[in-house]
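For reference, the chains in residue letters:
2 protein chains.
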Amino acid sequence: MSTFVFDAYGTLYDVYSVAEATEDAFPGHGETITQVWRLKQLEYTWLRSLMGRYVDFWEVTRESLVYTLDSLGLEYAPKTFDRILDRYLHLSPYPDALAALEALRAQGHTLAILSNGSQEMLDRLVANTGLKQALDAVISVDPSKMFKPSPGAYALVADTLGGTTDDVVFVSCNPFDVCGAKSFGFNVAWIERVPRQMMQDEVRAAAVVGPGTMFRLLRMQMDTLDLGPDFTIDTLTRLTELRTGA
Amino acid sequence: MSTFVFDAYGTLYDVYSVAEATEDAFPGHGETITQVWRLKQLEYTWLRSLMGRYVDFWEVTRESLVYTLDSLGLEYAPKTFDRILDRYLHLSPYPDALAALEALRAQGHTLAILSNGSQEMLDRLVANTGLKQALDAVISVDPSKMFKPSPGAYALVADTLGGTTDDVVFVSCNPFDVCGAKSFGFNVAWIERVPRQMMQDEVRAAAVVGPGTMFRLLRMQMDTLDLGPDFTIDTLTRLTELRTGA
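From first to last, the protein sequence lines are chains B and E.
At position 32 of the first sequence (counting the first as 1) the number is 32 in my numbering, and the numbers step up by one without a gap.
Adding 246 to a residue's 1-based position in the second sequence gives its number in my numbering.
Some hints could be false.
Incomplete in silico selection of chain B near chain E, CB under 7 Å [what the hints assert, rightly or not]:
(1) 16
(2) 39
(3) 149
Bear in mind the hints are in silico, worked out from the structure with no lab data behind them.
Note that this is a predicted model, so its numbers are computed, not measured.
Quick reminder that beta carbons are idealized off the backbone N, C-alpha and C, glycines included.
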């Protein structure tokens, strides 16, 4: 039996599900807000980790939303801001998330999340969305005071669940996270949600490459870092078919 | 007298000056290539620093260009690739760069570059562009094996030039670098090349927010990291007017 450890944001949960709230609050700017916010949110995790100025992911998520709205020159009431931020506690699970977790559990595997999210954000998110009972553990990087892809973040899996890196299949949609987990020593499965050909067709079809396409170009193609996944899958339910040797 | 330490890419040198080469090699895609490349280049410095997998900036610049062209589905001959990469050794200095350096030197200040670039990249760039004789030192982060905004990168200034952080005015156009230098303890001047109002006007005027606007939204507005510049200037020649107390 293996331990399957899932990234949360972008992997089990669709971060794009904030888009309705951003468009509702700022008609015509929803797409730009959504993409800039997510791009800056991860930038801030990396910059703060490198500067040794960790704050938790709720604060990073707040700071990056402030940055986004201010850069765009959008004025907002605290209530509007809070309503958008609150979406991070109610993100939509991907349609294949619950079925994949249940099928892996039926095979006897241990299932966990390892996420940049703070413990409170994650606990509320899995409770709000019905995934809580499908997981054995929900692990926040918070005790390491470093975000992914720092090795210290991935080390929390063994600290929490025991076992060795060989036992773990780490599952992420985020290329930087795939590379970080591989660099740490896990077996890694990449959910390729935007295949190369789809990406290229999207670029070719665009008169102007817009914010959503830029996001997918920047963050959804496998990185060129001399690291890569052991497995590439197109849907989470395929995880039951992996032969890992673990 | 103070020590003025300049960031290179984006501050003394216009990284956008690769755009002619990218458009020439891939007509219709130059703008997207230029922006994705620069965005990924810095991402890779952060990710590699965090994973403890440092390679020098020439390699990072190469990797991020491979990523960019592959993600866009653009095929290329090695010669085409090398011609684009070579632009990093011949970037255009900003029109105010040489005049600012000469005016500061006339005031008796010590002048240096501290850059992510490898020593060879930087030495060739300053020699190719006529800034070499205007500088007292060209410092690469390379010996620290970490990129900015790691404190270890900024520490190389004192290692090379002596003095204390109080003596230094660090000058950058890049908000993450402003924050990193401030976090380290330098006096910091930010060249604000895209004022907030100009940014907002650009967004308002765009039917679709394109790659250049996304770049400016993501990387040319002051970050929301509880850190900020001591001085904000609109042109490098204003540096002669600063009263730093140093």
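>> Min Cβ distance, residue 16 of chain B to chain E: is it shorter than 7 Å?
In response: Violated, about 16 Å.
> Does residue 39 of chain B meet its interface restraint, that is, does its C-beta lie within less than 7 Å of any C-beta in chain E?
Replying inline: Interface hint status for residue 39 of chain B: holds (6 Å vs cutoff 7 Å).
> Is the shortest C-beta separation between residue 149 of chain B and chain E less than 7 Å?
Replying inline: holds (5 Å)
Checked against the numbered hints above, the structure breaks only hint 1 and satisfies the rest.
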